[in-house]
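Chemist: Now for the letters of each chain:
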Amino acid sequence: MTIKNRLNRPDKNHPSAEWIAELRRRYTVESSIDQLLSRKLARRAGPGYSPVTLAQLTHGVSSLLHSKIGSDFVISEARWLSGGASKLQMAFTLSWDRPEVGRESTAMVLRMEPAESIVETSRLREFQLIKAMAGVVPVPTVFWCDEGGEFLPYPALICSFATGVTKPSNAASNVSGAGTQLTPELRRILAPQFTSHLAAIHSHDWRKAELSAFDIPNSGTQCAAWGLDWWERVWEEDSDEDIPLLRVAANWLRRNMPELQAPVIVHSDYRLGNFLFTEHDAKITAWLDWELGRIGDRHQDLAWTTSRAFANLDSDGKTVLVCGMLPEAEFLDAYERASGFSVNVKSLQWYKIYNNYSLAILLIGSGYRVASNGKTHQDVLISWLMGLGSMILDQMRVQLEEEA
Amino acid sequence: MQLRTDVQLKSMSKAMLDVVIPAIDPSNSLAVEQAQLVLGMLRLMQHQAPLQYQFDRDELARSVALMSKLHSLASQDASLATLRCQFQTQLNDANVALEGSRIDPAELCDTVRDCRYMIGAMVREAGQTAAPETTLRIEQAVLEYSKQQLLRDRALVVLQGWEPEPDAVPSIESLLASSAQI
Numbered sequence: 015m016t017i018k019n020r021l022n023r024p025d026k027n028h029p030s031a032e033w034i035a036e037l038r039r040r041y042t043v044e045s046s047i048d049q050l051l052s053r054k055l056a057r058r059a060g061p062g063y064s065p066v067t068l069a070q071l072t073h074g075v076s077s078l079l080h081s082k083i084g085s086d087f088v089i090s091e092a093r094w095l096s097g098g099a100s101k102l103q104m105a106f107t108l109s110w111d112r113p114e115v116g117r118e119s120t121a122m123v124l125r126m127e128p129a130e131s132i133v134e135t136s137r138l139r140e141f142q143l144i145k146a147m148a149g150v151v152p153v154p155t156v157f158w159c160d161e162g163g164e165f166l167p168y169p170a171l172i173c174s175f176a177t178g179v180t181k182p183s184n185a186a187s188n189v190s191g192a193g194t195q196l197t198p199e200l201r202r203i204l205a206p207q208f209t210s211h212l213a214a215i216h217s218h219d220w221r222k223a224e225l226s227a228f229d230i231p232n233s234g235t236q237c238a239a240w241g242l243d244w245w246e247r248v249w250e251e252d253s254d255e256d257i258p259l260l261r262v263a264a265n266w267l268r269r270n271m272p273e274l275q276a277p278v279i280v281h282s283d284y285r286l287g288n289f290l291f292t293e294h295d296a297k298i299t300a301w302l303d304w305e306l307g308r309i310g311d312r313h314q315d316l317a318w319t320t321s322r323a324f325a326n327l328d329s330d331g332k333t334v335l336v337c338g339m340l341p342e343a344e345f346l347d348a349y350e351r352a353s354g355f356s357v358n359v360k361s362l363q364w365y366k367i368y369n370n371y372s373l374a375i376l377l378i379g380s381g382y383r384v385a386s387n388g389k390t391h392q393d394v395l396i397s398w399l400m401g402l403g404s405m406i407l408d409q410m411r412v413q414l415e416e417e418a
Numbered sequence: 073m074q075l076r077t078d079v080q081l082k083s084m085s086k087a088m089l090d091v092v093i094p095a096i097d098p099s100n101s102l103a104v105e106q107a108q109l110v111l112g113m114l115r116l117m118q119h120q121a122p123l124q125y126q127f128d129r130d131e132l133a134r135s136v137a138l139m140s141k142l143h144s145l146a147s148q149d150a151s152l153a154t155l156r157c158q159f160q161t162q163l164n165d166a167n168v169a170l171e172g173s174r175i176d177p178a179e180l181c182d183t184v185r186d187c188r189y190m191i192g193a194m195v196r197e198a199g200q201t202a203a204p205e206t207t208l209r210i211e212q213a214v215l216e217y218s219k220q221q222l223l224r225d226r227a228l229v230v231l232q233g234w235e236p237e238p239d240a241v242p243s244i245e246s247l248l249a250s251s252a253q254i
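As they're listed, the protein sequences go chains X and Z. First residue of the first sequence? That's 15 in the numbering used here, and the numbers climb one at a time after it. First residue of the second sequence? That's 73 in the numbering used here, and the numbers climb one at a time after it.
Only chain X is shown next, with the shape it has when bound in the complex:
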């Protein structure tokens, strides 16, 4: 008997119904998260990602639009968009009779899942969240959602094309946008918008919005527990070799779960690289990548945004700048003034460890699983990003040692 057989590990590439049921019993997550993770496992043994052409996607979009607005439209200028590690994106122009506007040509983006993603998320949740943010902060206008992949090869949504850049045209950075250097002038204009937008998101009264795909955590530790169970379950589902440090982190996180003070909309990936701005006036035109958003603890965003993974050093070589823009103390102070919320240091620290925990899991565990099974349109990017995992884990190790 080989060692591998003796340890009796599950075959994660061919998950059994019993194993999926066991994971669902063991971990308590939001109902829509449970559904999409279960769907992921049920489909895992199926085919990998098959390349699709622009013509195929255009046909799928056309079918979706027929079901939504009839046949009075023309799709043109279809082209691929790069950016992001998880979803496939196609830009196109739609000539149509837009309600309350009239005949116009609208620049659009199709955002579609691959066969299995580095972050398995719900297009309906993303659709609802972006819609809820309209008028609160700059976001694309969302139009239609193919939640179950009824018209397109995989689940997708369609939103307006927002103009702008994620980094200065002449700036160098790694593929995620990490390490982007901003000039002092650009920082001076972007930083106040960056801070006030986060405050606006967190201050928004989400109870009036249509957010039926989200569960609302109670005021105890349920929010933290749901988040921890979510990522621990993903690790069980996706990982290949175990990482004992992640087990230590899970133990610590479970022992120290913070209480939720007030549930707010959490973007969950609020950083440089996930907003567009126009270069001539440095005005933020759209906040992107809402797919991991949830209703939860504002400290999750604050901890994510202030992560060293997205930080840069100032020209003095010493001062750490949040997302390359401003020192952490200044950022938190400005956030408190703009939002009226206080920052709880213990909650912030818990979410810093939680965020590194979840980031390491998706980079190393999910990244390995989807790339080795050929599940995405950019497996080479997913594989490349796995290399970032070690640095994230080491940051988390230092944080855990500081808490010991």
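Hints listed in this document are in silico derivations from the structure and should not be mistaken for laboratory results. Incorrect hints may have been included.
[Unchecked claim] In silico lysine to any residue, SDA-like type, Cα no more than 20 Å apart, as pairs:
id	chain 1	residue 1	chain 2	residue 2
1	Z	219	X	412
2	Z	219	X	417
3	X	26	Z	181
4	X	26	X	82
5	X	332	Z	238
6	X	222	X	181
7	X	82	X	181
8	Z	86	Z	105
9	Z	219	X	323
10	X	181	Z	102
11	Z	219	X	82
12	Z	219	X	416
13	X	297	X	178
14	X	297	X	360
15	Z	86	Z	108
No experiment lies behind these values; they were computed from the predicted model shown.
Following the hints, complete the assembly by docking chain Z onto the known chain X.
Modeler: Leaving out everything else, chain Z in the frame of chain X:
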């Protein structure tokens, strides 16, 4: 054998750089980005491939040392007795693998993974059932082990450019050489 991995990877990198990338339509941004990533990945493999076997053996040696320590720590808590027996079996296997001079690189890799699995199981089980002081000692041991292991993990991919201070990370060659006497 002349056509080994190093020369294959080197030739593939050159083909990408000289032929494939210049032929890509610059307006196809997805293709341009992925071609550059392929080139970076090939160069990373050229660096990693000669070190892979040595890297895994290095981790196994330190995993065995950690498992011995955890085995001893677990003896102080009756709730871990069952897992400790499995632990002992895995530790024996790991020692055999470590000492085997002709072990297949793939089996070496599998044994490392099994050690990781059992260490992870120990930490998880301790977190759920063991006395708090035992759990904390186990976790502390894993933290110490992780510091050394992650330094090697980071050094192995430093060429990717993620490290804010890459010069502060020792070379993987020096790290593996320094622990070859374990």
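Chemist: State the violated hints by number, sorted upward, taking the hints as numbered earlier in the document.
Modeler: Hint check: 4, 6, 7, 11 and 14 fail, others pass.
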